[in-house]
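Chemist: Read off the chains here:
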Amino acid sequence: MSADAIRPEAREDRPPASRPSASRPSTWRLFRRNALATGGLAILTLVVAVALLAPVLPLADPDATALAERLARPLTGGHLLGTDALGRDTLSRLVWGTRVSLLVGFSATLIAALVGSLIGFVAGYAGGRVDAVLMRGIDMVLAFPYILLALAIVAVLGPGLINALYAIAIVNIPFFARNVRGLTLGLARREFVDAARLSGQGDAAILFGEVLPNVMPVIVITMSTTMGWMILETAGLSFLGLGAQPPRADLGSMLGEGRTVLFNAPHVAVIPGVMIFVIVMSINLVGDGVRDVLDPRLRSGALARPGARARIARREAPPPPRDGLLEIAGLRTTFGAGASKVEAVRGVDLHVAEGECLGVVGESGSGKSVTAMSVMGLVPSPPATIEAGAAYLAGRDLFTLPDREIRALRGAAVAYVFQDPLSTLHPQFTVGTQIIEALRAHGPVGRKAARARAVELLDLVRIPGAERRLDAYPHELSGGMRQRVGIAMALANAPDVLIADEPTTALDVTVQAQILTLLARLRREETVAVVFITHDFGVVSAVTDRVAVMYAGEVVETGPTEALLAAPAHPYTERLIACVPVLGEPDRALAAIPGRPPSLAEPPPGCAFADRCARVEADCRAAPVAMRPLAEGRAVRCLHPVWGA
Amino acid sequence: MAATILKRLLAAIPVLLGLTVIVFAIMAMIPGDPATAILGSYATPENVERLNRQLGLDRSLPEQYFVWLSNILTGDFGRSYSLNRPVLDEVLERLSATLLLAGTALVVASVLGLLAGVFSAVRQYGATDKVLTFFVLIGISMPAFFLGLLLILGFAVNWRLFPPSGMTAIYGGGGPLDIAHHLALPALTLAIVATGVIARLTRTAMLEVLRQDYIRTARAKGLGEGSVIGRHAFKAALVSVIPVIGIQAGFVLGGAVYVETVFQWPGIGSMLVNAISQRDILLVQGGVLVVAAAYVMFNLAADLMQMAIDPRLRG
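As given, the protein sequences belong to chains A and B, one line each in that order. With my numbering, the residue at position 64 of the first sequence is 64, and numbering never jumps. Just add 645 to wherever you are in the second sequence, counting from 1, and you've got my numbering.
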């Protein structure tokens with residue numbers, strides 16, 4: 001499908017009040033929906049609360065030694081969590097140690113955030129040489145293995161909790177500096193910053209007044225993702241004996257002390273270890289939750305993985321309307337679900353006879369690509385679902401075939417040529433590998449035979465030096481050559497139907513003409529039926545026998561190409577044809593169609609074109625308009641057509 | 646191709662030089678007078694001055710740096726006073742142990758992380774994905790120094806499957822099998838965090854790649870899902886995962902400090918911890934420099950590997 005098959009901007013057109021509030025939940029509600037993140041937050045809150053309340057909690061003195069009670073097991077002798085090697089109460093030491101660890105980790109995070117963000121601000125805002133020098137320095141710090149640099153710093157400053165804190169803060173500065181610098185660099189060149197500068201504000205005022213508020217979310221995300229690390233690493237330095245020194249204890253030094261009695265009293269080490277793990281884990285859970293909520297891609301579900309085959313959820317299959325080679329009947333394909341559901345294709349009927357070339361024409365977002373991709377189950381699911389209708393290939397209902405059989409037909413009986421050959425060919429495989437792969441997917445072909453056939457195919461699409469080109473990577477070929485490769489790959493298994501989805505749109509005009517000529521020739525020589533999808537009526541007249549015009553997810557007019565071009569019946573078709581520049585008629589006004597297609601999240605009840613139509617009357621908006629026959633082989637979805645009313 | 650490789654190799658040189666500058670700068674910031682530290686506080690001023698001259702400490706910092714750098718380039722890292730032997734000898738002796746541990750951990754982490762990431766992405770939001778994501782989160786949040794202790798308690802003390810410490814058995818040890826036996830627990834410990842990070846990024850990269858047009862092309866050709874995921878998507882995802890594996894080499898080399906201490910592995914990490922406690926600065930300096938250089942090499946290898954699988958980078 002083309003990238004704009006779902007038009008988010010079209011959905012934004014409507015006033016917000018008409019949209020149910022559930023479709024864009026608040027940040028907090030999104031966070032709450034993430035059970036793990038909420039759980040993490042609850043645990044973290046509890047841990048922090050207990051640590052803060054340590055002085056008023058009824059705990060034993062964490063430093064009171066009692067050698068008689070040393071290494072008591074948990075739940076014995078009034079010690080809930082037992083005692084350590086000096087008989088000190090583990091629970092009390094755990095709470096106080098947690099307090100120290102949290103304080104140190106939090107302080108390190110603040111220092112790193114402050115210094116790192118400042119460096120990032122200055123580098124991003126000043127740009128130029130200042131930026132280069134600062135960022136080289138940051139890169140140098142990153143060239144060290146993380147902990148090693150902290151160790152070197154501690155080696156210089158000497159072991160101790162505060163020195164460990166500085167060391168961990170310093171090694172985390174680069175993460176803040178880089179993130180903040182990247183964002184500031186973009187912001188510093190934006191209009192509102194220019195406006196502030198022109199209004200006479202100083203650099204500091206602009207930085208803190210205009211840039212900081214915009215950078216704050218990134219600082220918060222970086223803090224939430226690094227704080228867990230910093231707590232863990234300061235604990236690690238203490239564990240090595242390089243952080244907290246006795247009698248002061250943090251969780252790391254408790255773990256380190258417990259290690260010496262690991263074999264006879266494991267609880268002394270395990271309890272603080274579990275505590276470190278719980279704190280770091282809950283912070284990471286919260287951090288992930290925060291990041292997910294603030295990341296717009298995850299919010300919109302754009303990272304959803306399309307499966308091998310589109311989801312089909314239809315109640316019944318309409319019978320094939322005729323006995324053409326490819327029959328599409330009552331096809332409905334939707335994107336998303338619930339309040340944000342978009343009806344991209346709303347009941348499309350199409351048929352293609354053997355060897356025929358059908359043009360499917362419409363603006364982007366009209367549902368033509370989605371229709372074509374639905375045939376072989378290639379619309380991305382999620383978010384797409386085929387909700388109704390059927391596609392018959394030589395009488396076989398494609399939507400009921402098992403996955404294995406649909407795969408056997410893909411590329412063999414029905415092959416696709418896509419719009420942009422640079423993005424549709426795999427960049428890391430040679431052209432030859434990709435063609436040979438297509439051959440071998442549909443039958444046992446030896447490597448040599450497959451390669452020979454691949455050379456034939458490249459010859460067929462008129463690629464000079466075919467043998468040599470087989471070993472080229474897509475990026476080494478020109479756009480036109482790449483598209484020829486795409487066509488060769490589609491023809492590899494002599495398909496009955498070739499579905500070409502805007503195959504010339506991404507190409508230069510002269511190359512377009514070559515590819516069209518090629519397709520026209522191949523159609524005759526290879527006797528293959530073609531579904532040619534385009535937004536360009538100029539292209540339609542060059543290659544197609546019949547045309548179906550699509551608008552807002554429906555076919556609005558069909559007919560033989562020449563007749564339809566000569567006398568369009570639907571006002572939309574008429575306007576669309578008027579958009580095509582005609583060679584030799586430079587004075588002809590190109591009339592753009594005013595307005596936009598309707599939102600397919602809430603399609604209008606009547607004619608979808610009504611709002612943009614010059615011939616609109618009251619009855620157009622009242623009820624769905626049906627296709628009605630017009631003349632031999634022609635039909636139109638209009639109550640007040642240009643002719644034949 | 647060869648020219649590009651050469652360019653990458655040459656680009657590593659300024660990074661290595663930068664490392665020496667930073668290490669030198671850190672060491673130059675040591676408070677107090679090294680001569681006094683060596684000779685003790687009762688040393689006569691004349692002796693201190695003589696030693697300072699001997700150590701070159703009476704010269705300017707840039708001068709000191711170049712003297713130091715030329716010494717290092719000729720293999721003279723100075724003498725460790727706590728061990729009373731040349732720093733380079735000690736560091737090189739321990740380097741192989743650290744590289745063996747870190748290398749094994751990195752390989753384990755890459756294999757497990759890539760597998761987990763791919764399965765997670767393919768089963769996005771399914772049960773497998775949720776279970777794997779949860780384990781990954783545990784891995785990322787688990788302190789290596791704690792996990793090591795747990796593994797010792799479980800596998801060495803309780804079940805007696807693996808030795809709790811060291812690199813070779815005291816009696817009749819030293820064979821490859823013996824070393825592998827000793828390597829298992831520390832390598833696993835060291836691999837856990839990196840596994841989590843690699844799995845996460847692989848999942849994200851796979852999800853990103855699976856939305857690409859060329860994946861749809863692969864499916865439209867009629868390729869099976871095994872080939873679509875395992876060949877087309879995986880190879881594309883690797884391009885963005887390999888640099889992450891390179892970065893993980895740094896975390897693994899750094900994490901070796903904990904793991905070597907916990908398992909008493911005779912590598913540079915445990916040497917560094919001892920050296921810091923002893924304030925044997927030259928030994929720290931040598932160890933940090935060598936491990937940092939190893940990290941640069943790991944990243945260089947990742948760079949070259951990335952070029953090998955992505956023809957667009959060879960230009």
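Be aware that a few hints might be false.
Here chain A is said to cover these stretches of chain B; the calculated rule only asks that three of the stretch's residues, wherever they fall, bring their Cβ under 8 Å from a Cβ of chain A [unchecked claim]: (1) 750-761; (2) 783-791; (3) 903-910; (4) 913-922.
Honestly, the hints are just simulated from the structure, not real lab data. Using N, Cα and C, we set each Cβ at its ideal position, and we do this for glycine too.
Chemist: Take the hints in turn and mark each one as holding or not.
Modeler: Structure-based check of each hint:
With 0 residues having a Cβ less than 8 Å from any Cβ of chain A, the segment 750-761 of chain B misses the three-residue criterion, and the hint is violated. Using a Cβ-Cβ cut-off of 8 Å, 8 residues of the segment 783-791 of chain B lie near chain A, which meets the minimum of three, so the contact claim holds. With a threshold of 8 Å between beta carbons, the proposed coverage of the segment 903-910 of chain B by chain A holds, since 3 of its residues qualify and at least three are required. Counting residues of the segment 913-922 of chain B whose CB falls under 8 Å from any CB of chain A gives 5; the rule of at least 3 is met.
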